[in-house]
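There are 2 protein chains.
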Amino acid sequence: MSTPQPFALNCPLPIADYPHILMAHGGGGRLTQQLIDRVFRPAFKSAGLDQEHDGAVLEVGGQRIAFSTDSYVVKPLFFPGGDIGTLAINGTVNDLAMCGARPRWISAGFILEEGLPMETLVRVVTSMKQAAEQAGVQLVTGDTKVVDKGKGDGLFVNTAGIGVLEYPVTIGPRQVQLGDVILISGDLGRHGMAIMSAREGLEFDGAIESDCAPLAAPVMDLLKVGIQVHCLRDLTRGGLASALNEVATSAQLAMEVDETAIPVREEVQGACEILGLDPLYVANEGRMAVWVAAADAERALHVLRAHPQTAGACAIGQVITGSGGMVTRKSRIGARRILDLLSGEQLPRIC
Amino acid sequence: MSTPQPFALNCPLPIADYPHILMAHGGGGRLTQQLIDRVFRPAFKSAGLDQEHDGAVLEVGGQRIAFSTDSYVVKPLFFPGGDIGTLAINGTVNDLAMCGARPRWISAGFILEEGLPMETLVRVVTSMKQAAEQAGVQLVTGDTKVVDKGKGDGLFVNTAGIGVLEYPVTIGPRQVQLGDVILISGDLGRHGMAIMSAREGLEFDGAIESDCAPLAAPVMDLLKVGIQVHCLRDLTRGGLASALNEVATSAQLAMEVDETAIPVREEVQGACEILGLDPLYVANEGRMAVWVAAADAERALHVLRAHPQTAGACAIGQVITGSGGMVTRKSRIGARRILDLLSGEQLPRIC
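Chains A and B, in that order, give the protein sequences.
Per my numbering, the first sequence starts with residue 1, numbered consecutively.
Per my numbering, the second sequence starts with residue 1001, numbered consecutively.
In short, the hints are calculated from the structure, not lab data.
A virtual CB, placed ideally from N, CA and C, is assigned to each residue, including glycine.
Check each hint, because a few of them may be wrong.
As the list claims (entries may be wrong) - The list that follows gives simulated cross-link-like pairs (lysine-lysine, BS3-like), each with its CA atoms no further than 30 Å apart:
(1) Lys224(A) - Lys129(A)
(2) Lys151(A) - Lys1330(B)
(3) Lys1330(B) - Lys149(A)
(4) Lys75(A) - Lys1151(B)
(5) Lys151(A) - Lys1224(B)
(6) Lys149(A) - Lys1224(B)
(7) Lys1330(B) - Lys75(A)
(8) Lys129(A) - Lys1045(B)
(9) Lys75(A) - Lys1075(B)
To be verified - Across the chosen pairs, the derived CB separations fall in these ranges:
(10) Glu1133(B) - His20(A): 25 to 35 Å
(11) Gly150(A) - Ala1335(B): 40 to 50 Å
(12) Val1122(B) - Thr126(A): 33 to 43 Å
(13) Gln1175(B) - Ala294(A): 24 to 34 Å
(14) His20(A) - Thr1170(B): 20 to 30 Å
(15) Thr1126(B) - Asp221(A): 28 to 38 Å
(16) Asp1221(B) - Gly115(A): 42 to 52 Å
(17) His20(A) - Gln1134(B): 24 to 34 Å
(18) Thr126(A) - Gly1061(B): 50 to 60 Å
(19) Gly226(A) - Glu1119(B): 47 to 57 Å
(20) Gly150(A) - Arg1038(B): 18 to 28 Å
(21) Ile1333(B) - Gly136(A): 17 to 27 Å
(22) Ser1331(B) - Pro19(A): 47 to 57 Å
Bound-form chain A, shown alone:
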């Protein structure tokens, strides 16, 4: 993806070459994009990467499949509402679902630090087993490596996944059309704030649990009833704001969201205010945005609301006429501001 820079004031930090990796290169914002654009994409030019999506869609024996991978380095390993194991399964399940695929098979690669309590590993593996059962995927192949004490951080997991596209649809940023309605599948910011509270030992009013959940079932239902889904994007690192920016840039279309329509739980809003964070940039692990033909929006909401993990679905905005790649937020009082890609990172090691 090319990083759009239509507004000089957009960019509080100079975009320059960094001679070393910074935490922000993993934050899902502008520096992550720069790393992808300048290091990975030139080296690995392929049709798969050019889809600019959460996974690659490939063809095998006349059948389209989706293929995706993610590594998980979340800190701490266990947090309210989940752990690195649930993340590792649901994250890859959701990346496949965002391609319109039914997730089927998962691989798992473990990098263990010498000295990790065996009990910790067993807990994580047990979570993965349960999450895989819940999401209807099979873990079919794996690998384990051990690194010296002090050269890892307990446990890192990589999962890759294969899904099958059962419906004759093409879903991706380039399918988004002017007039599409933007839905989200529920309230925002819970995963990020659950991690923060666990990591920093913060106590907020009311416990905040991660929203980590598999999204394949509601996605399959949207496709099954023939809703014209143009794009799907899970709202992980960088949150809703980053997802909107990425999709707007790939689609070369403008988008506007109505701040008042975006559900954020009171305790999450409160915690964000204390920490000076904007919930639109906070990571989620069981939330997605859906770009859908305007005529299908109501029906799509109806389908989503029938599933517990997407029961809070709502329409938050639309694809509008305007500069390609530009995303605006309309505030409570009707003011419009640009909702930009973050330059740095908000919360490191969130997933």
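Dock chain B against the given chain A, drawing on the hints supplied.
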């Protein structure tokens, strides 16, 4: 795989439960097996894992595909004959080839340590690009995470891969038959000793370069000409000895290899002697064992020798009558000794 323990004397270390992860759990020997048997296999019981092979064979749209993953934590990142990037591509390419599949698509997940020189990342990515081109695979999807300084070790890479089974064959440990001839594709021990020399700054007589190479082309040729390949196994962590033990255990057959038939370069043999290592346990990255019907052995050698990366192929032993899972080595003077699975590790972080 159940760990066979037919001989009490086999096991110099007590096989017990370890409350913490040891380096040896990643060494490819008995403790790795124990981790797989006691932690991973019970949790992730599936047809794919039950194949006890380098990858899982799955079916999509009537077409069989192979799916495999490996994480790479080799230390140092660069060594004579390759680097973590060449390993990460060739390792997964070879795992797919060992299933009899033509490797097609690769995913890459990077875990970067804060402070990693950008130049190092670019060198590794460039190696991956070249290795992918050489092996005829496309890198189609990826992910990058960054961990805090002191919580990683420069750079870890995970790759997963998908290959297509173009020939109607089933290749795996359970296909091995009594009388099968065991071939290896070239001299042993170079990768392990190249890593040791780079890591410890040792200088041996003559430079030792890793044998890291893709094995898909010779495997495809074996299948193309209709050779009855029963099993393929790359000789990575734990070397030839571990591969023979794993396959013998899964196949529940006995195997014998002739020490004098196993090629080991003089400088590798010398380095192993200095360090007290047995080259049959040292890791390779471009070597495989092939179990083939006796009638096809000569023809298979002819096919392998036509490829530069398998030009040194030779027959080293046979599947014989005897206790299931037992592997013996016949020495220069005709003495027979058991070639057992290592309890611990020989060389940590070899791949």
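Are Thr126(A) and Gly1061(B) spaced within 50 to 60 Å by their CB atoms? Once the Cβ atoms are compared, 33 Å apart, the range 50 to 60 Å for Gly1061(B) and Thr126(A) is violated.
So the hint says 24 to 34 Å: do the beta-carbon atoms of His20(A) and Gln1134(B) match that? Once the Cβ atoms are compared, 30 Å apart, the range 24 to 34 Å for Gln1134(B) and His20(A) holds.
Indicate whether the distance between the beta carbons of Gln1175(B) and Ala294(A) respects the range 24 to 34 Å. Violated - the Cβ-Cβ distance for Gln1175(B) and Ala294(A), about 56 Å, lies outside 24 to 34 Å.
Is Lys129(A) within 30 Å of Lys1045(B), Cα to Cα? holds (9 Å)
How does the Cβ-Cβ distance of Glu1133(B) and His20(A) compare with 25 to 35 Å: does it lie in that range? holds (28 Å)
CB of His20(A) to CB of Thr1170(B), is that within 20 to 30 Å? For Thr1170(B) against His20(A), whose Cβ atoms are near 49 Å apart, the range 20 to 30 Å is violated.
Lys149(A) paired with Lys1224(B) [C-alpha distance capped at 30 Å]: violated (47 Å)
Does Lys75(A) pair with Lys1075(B) here, judged by a C-alpha cut-off of 30 Å? holds (24 Å)
Asp1221(B) paired with Gly115(A), Cβ distance criterion 42 to 52 Å: This hint holds: roughly 46 Å between Cβ atoms.
Against the 30 Å threshold, does the CA-CA distance of Lys151(A) and Lys1224(B) hold or violate the hint? violated (45 Å)
CA of Lys151(A) to CA of Lys1330(B), is that 30 Å or under? violated (41 Å)
Does the hinted range 28 to 38 Å hold for Thr1126(B) and Asp221(A) at CB? violated (44 Å)
The structure shown violates the earlier hints numbered 2, 3, 5, 6, 7, 13, 14, 15, 18, 21.
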